[in-house]
Amino acid sequence: MKIEIFKSKPQLGKKAAADGVRFIKKAIEEKGAANIVLATGTSQFDTLEALVSTPDIAWSKVHVFHLDEYIGLPASHPASFRKYIAERFEAHVKPLGSITYIKGDAHDPLGECKRLEKIISAHPIDVAFIGIGENGHLAFNDPPADLGIKEAFLVVELDDVCRKQQMGEGWYQTLGEVPHKAITMSVPQILKSACIICSVPEQRKAEAVQQAVQGKVSEELPASVLQQHKNCFLYLDEASASLLA
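Every number in the working numbering is 46 more than the matching position in the sequence shown, counting from 1.
Hints listed in this document are in silico derivations from the structure and should not be mistaken for laboratory results.
Straight-line C-alpha distance at most 20 Å; calculated SDA-like pairs for lysine to any residue:
no. : residue 1 : residue 2
1   : K107      : P141
2   : K164      : A240
3   : K53       : L289
4   : K107      : I145
5   : K160      : A198
6   : K77       : W105
7   : K227      : E203
8   : K164      : L237
9   : K210      : P189
10  : K48       : Q257
11  : K129      : Y147
12  : K238      : P170
Quick list of the computed label-pair ranges, beta carbon to beta carbon:
no. : residue 1 : residue 2 : range
13  : E76       : I165      : 16 to 26 Å
14  : E265      : L289      : 20 to 30 Å
15  : G194      : K77       : 24 to 34 Å
16  : E223      : A285      : 22 to 32 Å
Where is the CB? At the ideal position from N, CA and C, for every residue including glycine.
Could you build all of it, start to finish, from the sequences and the hints given here?
Put into structure tokens, the structure is as follows:
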């Protein structure tokens, strides 16, 4: 794991995007196309803004997946991750090769997981842009996360720490509004990515960052598995890195 620490979130986002772009272009050059994963949440604002502002990317050769989506939430809901990606990414990079959204309001969530797994199995991920949750989760794999699950996507129950984070970031007015279940990409599927670009700013993430970087690999801190990925880049600001020894 390579760690870089920046004074500000915009600096963090620019460097994370620039490094991700380098791997996207490399995949296009070598394979003719690139497959990427995008995370959501406030931690990704600067990285995504820098990414879509980067010139000379052949987006028509890029295939996109995203990490997770609430079950039962329509794409029109202000907190929908589909809406987030459509507005903050897809609208700025047309023409795009393809984008596979997680349909959180699908009638059959387990069937939706199988649909997604079939698609992603044909698109090995070159670059995954991710974050780390306040509880140390990756995507919506809250602790204790199954680090050995075979499925690429699964239905999960969100813990209260995760749900409070969503409210704290301003996506919901009350905790009661935050859904209890979601469809998420699994930890093993995330780790299959050839390159992981992990953007984690802000003081509220400092404890999770410290444990993920310096603690033991454990299902109780899902992000700790990033220690085992040979091509993981972690981008922090001074606040999120404040507890590192």
